[in-house]
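Taken in sequence, the protein lines are chains L and S. The first sequence begins at 1 in our numbering and counts up by one. The second sequence begins at 1 in our numbering and counts up by one.
It is possible that some hints are incorrect.
Put simply, identical chains are the same to the list, so a pair is met inside one copy or across any two.
Said to hold, decoys possible - Here are the simulated BS3-like cross-link-like pairs (lysine-lysine), alpha carbons at most 27 Å apart as the crow flies: (1) K97 <-> K129; (2) K128 <-> K32; (3) K66 <-> K97; (4) K247 <-> K97; (5) K128 <-> K247; (6) K247 <-> K66; (7) K32 <-> K247; (8) K66 <-> K128; (9) K66 <-> K129.
To be clear, the hints were calculated from the coordinates, so they are not data collected in a lab.
What follows is the residue order along each chain.
Number of protein chains: 2
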Amino acid sequence: MSSDIAENPAGLIPAEYAFLPIARIHSCFTEKFGIPRQPGLAGSATASIEMLPPFDRREMFRGLEKFSHIWIHFLFHQAVTEGWRPTVRPPWLGGQKRVGVFASRSPHRPNFIGLSVVRLVGIRTEGKKIFLDIAGIDILDQTPVFDIKPYLPYSDGVAEATSGYSRQAQTQMQVTFSVEAEAACAAYQLETGRNLQGLISEILRQDPRPASQRAGEREHGMLLWDVNIRWQTSSGGVLVLSCEQLKAR
Amino acid sequence: MSSDIAENPAGLIPAEYAFLPIARIHSCFTEKFGIPRQPGLAGSATASIEMLPPFDRREMFRGLEKFSHIWIHFLFHQAVTEGWRPTVRPPWLGGQKRVGVFASRSPHRPNFIGLSVVRLVGIRTEGKKIFLDIAGIDILDQTPVFDIKPYLPYSDGVAEATSGYSRQAQTQMQVTFSVEAEAACAAYQLETGRNLQGLISEILRQDPRPASQRAGEREHGMLLWDVNIRWQTSSGGVLVLSCEQLKAR
Chain L
1 MSSDIAENPA GLIPAEYAFL PIARIHSCFT EKFGIPRQPG LAGSATASIE
51 MLPPFDRREM FRGLEKFSHI WIHFLFHQAV TEGWRPTVRP PWLGGQKRVG
101 VFASRSPHRP NFIGLSVVRL VGIRTEGKKI FLDIAGIDIL DQTPVFDIKP
151 YLPYSDGVAE ATSGYSRQAQ TQMQVTFSVE AEAACAAYQL ETGRNLQGLI
201 SEILRQDPRP ASQRAGEREH GMLLWDVNIR WQTSSGGVLV LSCEQLKAR
Chain S
1 MSSDIAENPA GLIPAEYAFL PIARIHSCFT EKFGIPRQPG LAGSATASIE
51 MLPPFDRREM FRGLEKFSHI WIHFLFHQAV TEGWRPTVRP PWLGGQKRVG
101 VFASRSPHRP NFIGLSVVRL VGIRTEGKKI FLDIAGIDIL DQTPVFDIKP
151 YLPYSDGVAE ATSGYSRQAQ TQMQVTFSVE AEAACAAYQL ETGRNLQGLI
201 SEILRQDPRP ASQRAGEREH GMLLWDVNIR WQTSSGGVLV LSCEQLKAR
């Protein structure tokens, strides 16, 4: 952490602060489409946090295993080049109504800071590297991380908090698989240990399509890890057509 | 947000990112001593967030008033010069046992990023300036803010989260006031509208003394706004001796 010498015209606060990435995320979400809109919605969405030196000493995590959940402060790195705007159209308002950027959790926000609570599955040492295994994530692959904190139920879980907009749950879609897609998932799980079919179900039942693409029957695609998923939507239901693993380059 | 050209040796992540302060806090906590260890512990601890240009446009907050609570991402600015260490001795372990910095909410952490959920009392325009009035804070006066987000109960409130260390509540001290102290609080509230006596009670009943200073009867002091508070502790009880407003300089 260093701070610029220049002063903000409004007062004594430096004009900017330099933040160092302490870690990066390895996630199943290799592209934005399909990422759950909040963490915890897809329990099979697993990932690992790779600590970067000098933030990769085992003692820095002593006691963290006693916590079931952690906060991740991260950068919405794909949003940086796209910029931010004073108002946004959040998906939970059907993508129509505009709210202020600070009334949203949009990635397109000043400083592009993301905040997610995820389940801590374990802390793993691999050679000299330290990884935190996590689940229930909504974070893109290769995301830079700025901080990791334990989730404190007694202060972070605000029982009396109310929200005007965000819905607890939306209508869930029925997800079915073609014979080919189901077989491909089973083969992939055998090879990698990853519960691909479970993850696809969790993602698609929440209908990740933007509101503008929801009319009529259409074919859609998304990438999870290195697997290209194709599916078709009709009234209230999703049919997963194929799950094709990309060829190694 | 801009990013450095240099690359982290570990991969494709830039070595650092520049974050702009979007706001600063005006808080009753003009010094560190006495600040509650987590937000929400002192409901009378009110503050305001002064938005800095260009993050002070009214439309950026449209819809935020529908949320009862907000997240503040801020800088532990007084900790920056003190630095950080791989392990810390958190107060909830009696200041004796060491845990990893990432297993704590210590201010002395990489990037010095703080995270607090506070109650949103209102959004106020004063001339060209925008202020968010907040309550239940644990944040130092003049703290730089990097982001403000709505608190989403359905994803931020993790009902099944468990924590190994943090205690829901600790033994609470009985707080009484001397006749002089009580009169001084009443006069201050009449002048400023601030519930000083309530705030002192909320802070002192949680016993803000570091574990190392808890033996024996001692006199202590802290500053709230511009008032110097003196109190004495004996077994299980606190007596507030005086509340003296500092002379304007």
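Notebook entry, point to check: With identical chains treated as interchangeable, where does the CA-CA distance between K66 and K128 reach 27 Å or less: within a copy, between copies, both, or neither?
Noted result: Answer is within; shortest intra-copy Cα gap is 23 Å, inter-copy 48 Å.
Note to self: At most 27 Å between alpha carbons: which applies to K66 and K97, within, between, both or neither?
What the structure shows: between (42 Å within a copy, 15 Å between copies)
Next item on the list: Could you place K32 and K247 in one of the four classes (within, between, both, neither) given a Cα distance threshold of 27 Å?
Entry: Result: close within a single copy only, 21 Å intra versus 57 Å inter.
Next item on the list: Evaluate K128 and K32 at a C-alpha cut-off of 27 Å and name the case that applies: within, between, both or neither.
Entry: neither (31 Å within a copy, 38 Å between copies)
Checklist line | Within, between, both or neither: K247, K66 at alpha-carbon 27 Å | finding: Neither way: K247 and K66 sit 40 Å apart in one copy and 48 Å across, limit 27 Å.
Check: When no copy is specified for K97 and K129, does a C-alpha distance of 27 Å or less occur within a copy, between copies, both, or neither?
Finding: Only across copies: K97 and K129 sit 26 Å apart there, 45 Å inside one copy, limit 27 Å.
Check: How do K128 and K247 come out at 27 Å by Cα distance, when the copy is not named: within, between, both, or neither?
Finding: Answer is neither; intra-copy 30 Å and inter-copy 57 Å both fail.
Check: Are the CA atoms of K66 and K129 at most 27 Å apart within a copy, between copies, both, or neither?
Finding: Classified as within: same-chain Cα gap 21 Å, cross-chain 44 Å, threshold 27 Å.
Margin query: At most 27 Å between alpha carbons: which applies to K247 and K97, within, between, both or neither?
Written below: Answer is neither: 41 Å inside a copy and 51 Å across each miss the 27 Å cutoff.
When the structure is compared with the earlier hints, violations turn up for hints 2, 4, 5 and 6 and for no others.
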